[in-house]
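*Asks:* The sequence shown begins at 4 in the working numbering and counts up by one.
There may be inaccurate statements among the hints.
Unchecked claim - Straight-line Cα separation of at most 16 Å, EDC-like style, residue types lysine to aspartate or glutamate; simulated pairs:
id, residue 1, residue 2
1, K239, E275
2, K240, E168
3, K228, D254
4, K98, E136
5, K165, E183
6, K239, E271
7, K87, D73
8, K240, D254
9, K320, E268
10, K282, E217
11, K242, D281
12, K228, D289
13, K99, E136
14, K282, D254
15, K276, E236
16, K242, E275
17, K142, D73
18, K242, E217
19, K239, D281
20, K153, E184
21, K276, D317
22, K165, D128
23, K70, D32
24, K228, E268
25, K276, E318
26, K320, E217
27, K228, E183
28, K240, D270
29, K70, E97
30, K242, E318
31, K153, D128
32, K282, E318
33, K70, E183
To be verified - Across the chosen pairs, the derived CB separations fall in these ranges:
id, residue 1, residue 2, range
34, Q54, I265, 29 to 39 Å
35, E253, N299, 16 to 26 Å
36, P139, E217, 49 to 59 Å
37, R60, I265, 38 to 48 Å
38, L313, K282, 16 to 26 Å
39, C286, M203, 21 to 31 Å
40, R83, E311, 14 to 24 Å
Everything labelled a hint here was simulated from the structure, so no lab data went into it.
Model, not experiment: these values are computed from the prediction.
Backbone N, C-alpha and C define an ideal beta-carbon position, used for all residues, glycine too.
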Amino acid sequence: MMEFQKKREIEAVVMEKGDSPVRRWEDLDINILVTILLSFDLFQLIYAIPQVCRAWRLACCDPLLWKTLDLSVLQSNFIRLPLKPYVYVDSPSEKKLTGLLNICLNLSRGNIQTLIFHTNLYVNDNQLTFAAERCPRLKRLVMPSWNKIKKRTMCRAIHIWKDLESLTMPSINNPARVIEEIGRSCQNFSALKIMGTCDMLFASALASFLPNLEVLSVRCTVLSKPALAIILEELKKLKVLNISHCIITEDPEDPPLEPMNILTELDESILEKASRLDKFLTCMSDSCIMCQRALNDQGFMRWYKYEEDLWKVDEVKSLAV
């Protein structure tokens with residue numbers, strides 16, 4: 004009886020081609036198919052596989068394939084400008100990103116929880132708004148450059164991302180508006196990485212609007228001792244702080260054209276404040292290549308000069324890409 008039933012099941016999913024039975028791809032168990040699709044890269048998943056048949060296109064929408072949308076393989080062709088908008092991005096780059104987002108966000112059906120942009124990918128207001136509306140369950144965001152995104156657009160996106168827990172962002176001027184929106188809209192927010200200068204304004208905004216922050220990384224940038232003191236004193240729930248390869252300055256802001264007054268080691272007052280943390284990650288070594296690079300770039304890391312994907316590294320594993 005069992006052999007007969009098995010035979011009938013096999014016959015139900017094959018077509019006769021001469022004397023040899025041929026299994027139809029569209030009848031492959033969807034769980035097995037999704038497991039196979041996990042091994043394909045993004046471009047195969049969105050451009051090739053959905054064209055095979057209706058069943059395969061349906062499998063490409065499985066939530067398991069869309070927990071993370073990693074666009075770190077995509078960069079823009081751009082030219083830096085001295086005045087606003089500071090960056091000119093060629094039309095093919097913008098059209099490619101728009102088309103890619105449209106396909107991915109349609110296939111993902113709102114299931115993306117982690118969205119990663121390359122640091123040199125320039126996203127405009129419409130593209131970010133579209134991503135926010137189609138990824139309402141987002142928990143982690145790795146941002147690109149801000150130069151093509153207005154603050155009000157970022158705030159509207161953050162308002163949608165109420166489940167946001169982790170953000171990697173460049174430094175911005177007058178950050179209070181964005182940081183305040185995170186504090187107001189994202190009740191589970193706990194981890195922040197700043198890929199730019201963390202000055203007094205930024206530190207004060209963190210203290211005012213993100214008092215429950217638990218993990219903070221400001222590696223490879225300029226960090227003043229007063230700003231560091233604010234972080235350690237005011238963020239009472241902070242557990243992990245990464246200031247590896249930072250240029251630590253004595254004064255809040257060094258005058259233009261004046262050399263920075265750089266500390267060669269942390270003093271006892273800072274170490275005492277940091278002693279309550281679970282992890283305090285530091286590196287201020289003359290022999291460290293990353294410390295030398297940060298110093299040569301004056302705390303504004305030019306990641307394009309170095310190894311590919313170096314910008315993804317972080318001593319805090321949860322913030323690495």
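*Asks:* Are the hints correct? Go through all of them and say.
*Replies:* Status of each hint after checking the structure:
1. K239 with E275: At roughly 14 Å apart (the allowed maximum being 16 Å), E275 and K239 satisfy the hint.
2. K240 with E168: The hint holds at about 15 Å.
3. K228 with D254: holds, 7 Å
4. K98 with E136: Violated, because 19 Å separates the two Cα atoms, which is more than 16 Å.
5. K165 with E183: Roughly 13 Å between the alpha carbons, so the hint for K165 and E183 holds.
6. K239 with E271: violated, 19 Å
7. K87 with D73: Measuring from Cα to Cα gives roughly 29 Å; hence the hint is violated.
8. K240 with D254: violated, 26 Å
9. K320 with E268: violated, 25 Å
10. K282 with E217: holds, 11 Å
11. K242 with D281: Judged against 16 Å, a Cα distance of about 5 Å means the pair holds.
12. K228 with D289: At roughly 19 Å apart (the allowed maximum being 16 Å), D289 and K228 break the hint.
13. K99 with E136: Given pair K99, E136 is violated - Cα atoms ~19 Å apart, limit 16 Å.
14. K282 with D254: violated, 25 Å
15. K276 with E236: Cα-Cα ~7 Å, so holds.
16. K242 with E275: holds, 14 Å
17. K142 with D73: holds, 14 Å
18. K242 with E217: With Cα atoms ~5 Å apart, K242 and E217 stay inside 16 Å; holds.
19. K239 with D281: Since the Cα atoms of K239 and D281 sit roughly 12 Å apart, the hinted pair holds (cutoff 16 Å).
20. K153 with E184: holds, 14 Å
21. K276 with D317: Violated - the C-alpha atoms of D317 and K276 are around 23 Å apart, more than 16 Å.
22. K165 with D128: Between K165 and D128 the Cα gap is close to 19 Å, so the pair fails against 16 Å, i.e. violated.
23. K70 with D32: Roughly 21 Å between the alpha carbons, so the hint for K70 and D32 is violated.
24. K228 with E268: The given pair, whose Cα atoms are some 11 Å apart, holds under the 16 Å limit.
25. K276 with E318: violated, 21 Å
26. K320 with E217: Holds, because 14 Å separates the two Cα atoms, which is no more than 16 Å.
27. K228 with E183: violated, 23 Å
28. K240 with D270: Given that 16 Å is the threshold and the Cα spacing comes to 22 Å, the pair is violated.
29. K70 with E97: violated, 24 Å
30. K242 with E318: This hinted pair holds, its Cα atoms lying about 14 Å apart.
31. K153 with D128: holds, 7 Å
32. K282 with E318: holds, 11 Å
33. K70 with E183: violated, 27 Å
34. Q54 with I265: 29 to 39 Å: About 57 Å separates the Cβ atoms of Q54 and I265, which means 29 to 39 Å is violated.
35. E253 with N299: 16 to 26 Å: holds, 20 Å
36. P139 with E217: 49 to 59 Å: violated, 24 Å
37. R60 with I265: 38 to 48 Å: violated, 57 Å
38. L313 with K282: 16 to 26 Å: holds, 22 Å
39. C286 with M203: 21 to 31 Å: Distance hint for C286, M203 holds at roughly 23 Å.
40. R83 with E311: 14 to 24 Å: Between R83 and E311, where Cβ atoms are some 20 Å apart, the hint holds.
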